[in-house]
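Student: These are the residues of each chain, in order.
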Amino acid sequence: MRNIWTIAKREYDQYFISPVAYVVAFAILLTTGVLFAINFYYYSQNAFQGFGAGAPDFTPIAGTFVFLLVLSAPALTMRLISDEARMGTLELLLTAPLRDHELVIGKWLGAMLYILSLLVITLVYPIVTSRFVTPGIDWNVVLTSYLGMILVAGVFLALGTAISAMFTNQVTAFFVTLALFITLWWLVGFPGQVISGDSARLFEYLDMKTHFYGALDAGIINLSDIVYYLSLIALGLFTGTAAVEMRRWK
Amino acid sequence: MIQVNGLIKDYGTRRALDNITFDANQGEIVGFLGPNGAGKTTTMRILTGYMPPTGGEAIVAGYDVVEESLEVRKRVGYLPETVPLYNDMTALDYLTFMAELRQLPNAQDRAWETLELVDLDERANSYIGNFSKGMRQRVGLAQALLHRPEVIILDEPTIGLDPAQVVEVRSLIREIGRDRTVLFSTHILSEAQQICDRVLIINKGKIVAEDTPENLQSRVLGAERILVRVRGDADGLDKVIKEVRGTRKVTVKDEAVVEFELTAGQDVRPQVAKSVVEAGYELIEMRPVGMSLEEIFLELTEEKPAAKRS
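Protein chains in written order, with the working numbering: chain E, 1 to 250; chain C, 1 to 310.
Keep in mind the hints are simulated off the structure, nothing from the lab. Mixed in with the good hints, there may be bad ones.
Straight line, CA to CA, 27 Å or less: simulated DSS-like cross-link-like pairs of lysine-lysine [as the list claims (entries may be wrong)]:
1. K239/C to K249/C
2. K249/C to K250/E
3. K242/C to K9/E
4. K274/C to K250/E
5. K253/C to K239/C
6. K239/C to K204/C
7. K253/C to K250/E
8. K274/C to K253/C
9. K204/C to K253/C
10. K242/C to K253/C
11. K242/C to K204/C
12. K206/C to K274/C
In silico negatives: residues of chain C with every beta carbon more than 10 Å from chain E [said to hold, decoys possible]:
13. G37
14. P52
15. K74
Here a beta-carbon is modelled for each residue, glycine too, at the ideal position from N, C-alpha and C.
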């Protein structure tokens, strides 16, 4: 456990000296910030004019955040292990008294802490909204949305870490990770729309976004959604550990 | 401290290590000598728990490298050939990180002490990316010494250093080898002779000789190579030299130069000179040439396979 924390802490610090992490933070915070401002302005105009079109909603911000993760998480995970292999420091870590899974979980946790830091900053949106809306916003939706964002980030980062462990070139790792995320987020659901029966339901279940949109971002917690995301996180971390172990045999 | 028994490593169909057996005791500095691709790094990687062998066993500090890999890794300090450093960290942060990973108490204090040991304490807060090659090597060594390991394994620790730095690193190795087991690889024969108590020569995945530096030196000198240069064309000169008893391995180097070896204990240079002149050649040079390391390996692999330690 202590080893995982040591690795995670170094990885987390590493993000703050990496230009990629700043670009990702800038893109995510700018987009969600602009969205929040427009949303807030739109609803406040309506309220002033007496239309009473309801309160601004957190859903679009959460939805945009996870959408941006599809594109930016590969940039956050691409170098996690591939760069250690390229620099030769993987040899250092693999000959230190550190288990392979501790290395992989530590790397993943470091990236998670970075995303959690971004999520903490986005808390400002619901807090500000809540102050201006009477009688306040629906915090259940906000909380389940955050749970959803954390789980989606957990999946992306775990799968990205695993792919990073398979390659020595981080650009290759980036594109393979991106292709996987696009498949899981958009492509895998398509067969479910054309065919019918049990196999259609299987594709729907595999579709990552169906477990978020209209579910966690709408204040609904389904056990099957949570199990789905946790399974993918476990799969990513397991595959990553296997990939590191494979490197020892090469 | 290190016991290696019948170690085998295959990379696909290529056999990198072929039944290697040796040992190293406490307080002993063992040099691992061999040309590139001989299997030095592979052996070291197996001993440090980086990769498992295909066959055979290796016991380091009393633990099996496969079954008790973590215990081995706790007790071994390892400096790989490519010094594994994070350029964006300071020397102190890097060593503190490694000390934390090794779960040493007072990680930062230990990092400081080790930086003092390798004489880098004044640059503790400088970024490793700005270090010279010699300083990087010393940070790498510090990393290997951080936990005061029982066994230290260094892969080509002096490669790429300037002469002053080489001397420095060699004396450091001698210093740390007083009460620990040090296994270090090199392809420089004289380096092995200077530092080691014992030298293992490895070629093509096999140990071809295991001896003290002194014995090794005398064996190498026993096979002295002589160069003969004549004016004009040396056509047929090799045949003339071959006919002199006590010569062997006569090879034509270029149109005016022929080299041969003296059979150990027989200095037949006067006879060779006489024959060459009598055959009508104009002898202008005859001198011993130092054997290159590759030639020594060739010599040892061809003539004395797996010579035993005396």
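Student: If you test the structure against every hint from before, which numbers come out violated?
Tutor: Hints 2, 3, 4, 6, 7, 11, 12, 14 and 15 not satisfied by this model.
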